[in-house]
Amino acid sequence: MLELHELAVAYGDVRVLWDVSLRVERGEIVTLVGANGAGKTTLLRAISRTVPVLAGRIELEGERIDRAPSARVVERGVAHVPEGRRLWPDMNVEDNLRLGSYPRRARVDVEASLEHVFTLFPRVKERRRQVCGTLSGGEQQMVAIGRGLMSKPTILMLDEPSLGLAPIVVSEMFAAVQRINAEGTTVLLVEQNVRQALEIATRGYVIETGRVVGSGTPDELLASDQIKKAYLGL
Amino acid sequence: MLVAGLYAAMSYGLALIYGVLKIINLANAGFLMLGAYVTWWLFTAFHVHPLLAPLAIVPLFFLFGSALERTLVRRVLGAEPIISLLLLFGVWLVLQNLAYVIWTGDTRSIDTPFIDATVSVAGMQLAVPRLYVFAMGVLVLVGLQLFLTRTYLGRAIRATAQDRDAARLVGVDVERVNGIAFGIGIALAGFGGSLLSLLFSFTPDFGRTLSLKSFCIVVLGGLDSIVGVAFGALSLSLAEAFGVRYMPASLQNLISFVVLVVVLIVLPKGIVGTLRALRRG
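Protein chains in written order, with our numbering: chain A, 4 to 237; chain B, 670 to 950.
Possibly wrong hints are sitting among the right ones.
Unchecked claim - Output of the computed footprint for chain B on chain A, the stretches with three or more beta carbons under 8 angstroms from beta carbons of chain B: (1) 212-223; (2) 226-234.
Unchecked claim - One side only, chain A facing chain B, incomplete, derived with CB under 10 angstroms: (3) R52; (4) P55; (5) R101; (6) A109; (7) I203.
What the hints assert, rightly or not - A short list of chain A residues far from chain B (calculated; beta carbon distances all over 12 angstroms): (8) E31; (9) E66; (10) E78; (11) V81; (12) F121; (13) L123; (14) G151; (15) R182.
Keep in mind the hints are simulated off the structure, nothing from the lab. The beta carbon of each residue, even a glycine, is placed where N, CA and C say it ideally should be.
Working from the sequences, and respecting the hints, build out all of it.
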């Protein structure tokens, strides 16, 4: 449903992505692994149209979106949960979530979506009146994912959802991602936590210094020496 | 203390524009002045009652503000602050000189029975225009607050002010929000100016000192909070009211600037900003 063809992105004179081609099919969990600064975040930002695309194509269900404004991409069903969560710190949890339903397509179902998020993350419901700046890291991440779901996405892009969380919370997070996927949302996941990400993924891509250097099923990737050495410390 | 409503009404726009676009609207004084003149002009030329003038001023100034954002301000967003300061200072000068050309430099004032009316409340004689301006200041506060917290567009404006990229990611067209916020800011300045014309006489130079007080108020309240602005306006007007009891009235304007300096040193985030930081822990 989502295809990237020879995508190139640069910040000013600094080239970040070279000829990246990849594919995400409906219902999959695809994970992108790679070191810090490899360009994973930039890749997601290119898809959500928050960085300009230098060359190449991004196609969503056959329609090119690489020149579309970001609002249009959200409207078409792509939700991007950014690294560092980026909640609005002075708004309460519920306002943060409700704004996730900003696209017109999602507004009619805002109450149902809210209930859905609360079922998925009961702790978020308890905190609904609290200002987001006062939440723990794990709770903030749940609100961030919840906000992404509020736009009723067909594809949910998560950037480092486990970053800075306690191990037990990390496991909860991955379980939630699996549940979201089981309910029919395709997931594109960027993670440093390579092993756990590959455990829930259907396929993975390895990105190094802005290029795709490997891809395959989790088993193939976990078995490859390249991954073992670079990311699993074996 | 009734002057708090006036201070608030003329400062909301400044805070809204700063909150969303992160630029200081130096042309605020120009739009205050223009709001006052348009009110006067509608009254003298068309016998429109000054209380009705905002019905024309608010939509017109909104459109003018959005157009100004789209044509000029948009080009300097994200540049160094000095660029937008100079641009808006230039806009102020243009407005001022246009006013000189159209309405000359003569002092104008609006004179209707309403302006001189008084009521006695609990034994005090209160000027009706002052009460009216205070009520309007409160009304705009409530209206803005409801708009910003209850509507999708209002929430999108707050979201854009707090984190632009996050707003973009939920599908907010932040460029459009910029235009709308600037338009509302200018409309509020025009409305504030229209209210001012009920209390003061004015020339094209009008608004300079008052705008400086606005800067003081928004620094006091926190540059991006509507409630903070109301709070800052109240604090400043109270400080002035008490101040004049103990010092010559001619030094009244000094108070706001002393307050400004003290706040900048002691609470650089403003009162609301400091409270927020405490609440977040």
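**Q.** Distal placement of L123 (chain A) relative to chain B, Cβ over 12 angstroms
**A.** About 18 angstroms separates L123 (chain A) from the closest Cβ of chain B, which puts it past 12 angstroms; holds.
Q | Nearest-CB test (12 angstroms) between chain B and V81 (chain A) | A | Non-interface label fails for V81 (chain A): nearest chain B Cβ at 10 angstroms, not farther than 12 angstroms.
Q: Report holds or violated for the interface hint on R101 (chain A), using the least CB-CB distance to chain B and a cut-off of 10 angstroms.
A: With a minimum Cβ separation of about 7 angstroms from chain B (threshold 10 angstroms), the hint on R101 (chain A) holds.
**Q.** Outcome, coverage of the stretch 226-234 of chain A by chain B - at least 3 residues whose beta-carbon is closer than 8 angstroms to one in that chain
**A.** violated (count 0)
Q) For the stretch 212-223 of chain A, do at least 3 residues have a Cβ located nearer than 8 angstroms to some Cβ of chain B? A) violated (count 0)
Q) So is G151 (chain A) really clear of chain B, every C-beta pair being over 12 angstroms apart? A) Since the minimum Cβ distance to chain B is about 8 angstroms, G151 (chain A) lies within 12 angstroms and the statement is violated.
Q | Status of the R52 (chain A) interface restraint (C-beta, 10 angstroms, chain B) | A | Since chain B brings a Cβ to about 8 angstroms from R52 (chain A), closer than 10 angstroms, the hint holds.
Q. Are all C-beta atoms of chain B more than 12 angstroms from that of E78 (chain A)?
A. 6 angstroms, violated
Q: Quick one: work out the minimum CB distance from F121 (chain A) to chain B and report holds if it exceeds 12 angstroms, violated otherwise.
A: 18 angstroms, holds
Q: Test the statement that E66 (chain A) is away from the interface with chain B: the closest C-beta pair must be farther apart than 12 angstroms.
A: 17 angstroms, holds
(Q) Over 12 angstroms from every CB of chain B: does R182 (chain A) meet that, or does the non-interface label fail? (A) Correct as stated: the minimum Cβ-Cβ distance to chain B is 22 angstroms, above 12 angstroms.
Q: Using 10 angstroms as the Cβ threshold, decide whether I203 (chain A) counts as touching chain B.
A: 23 angstroms, violated
Taken one by one, the earlier hints fail for this structure at numbers 1, 2, 4, 7, 10, 11 and 14, listed in ascending order.
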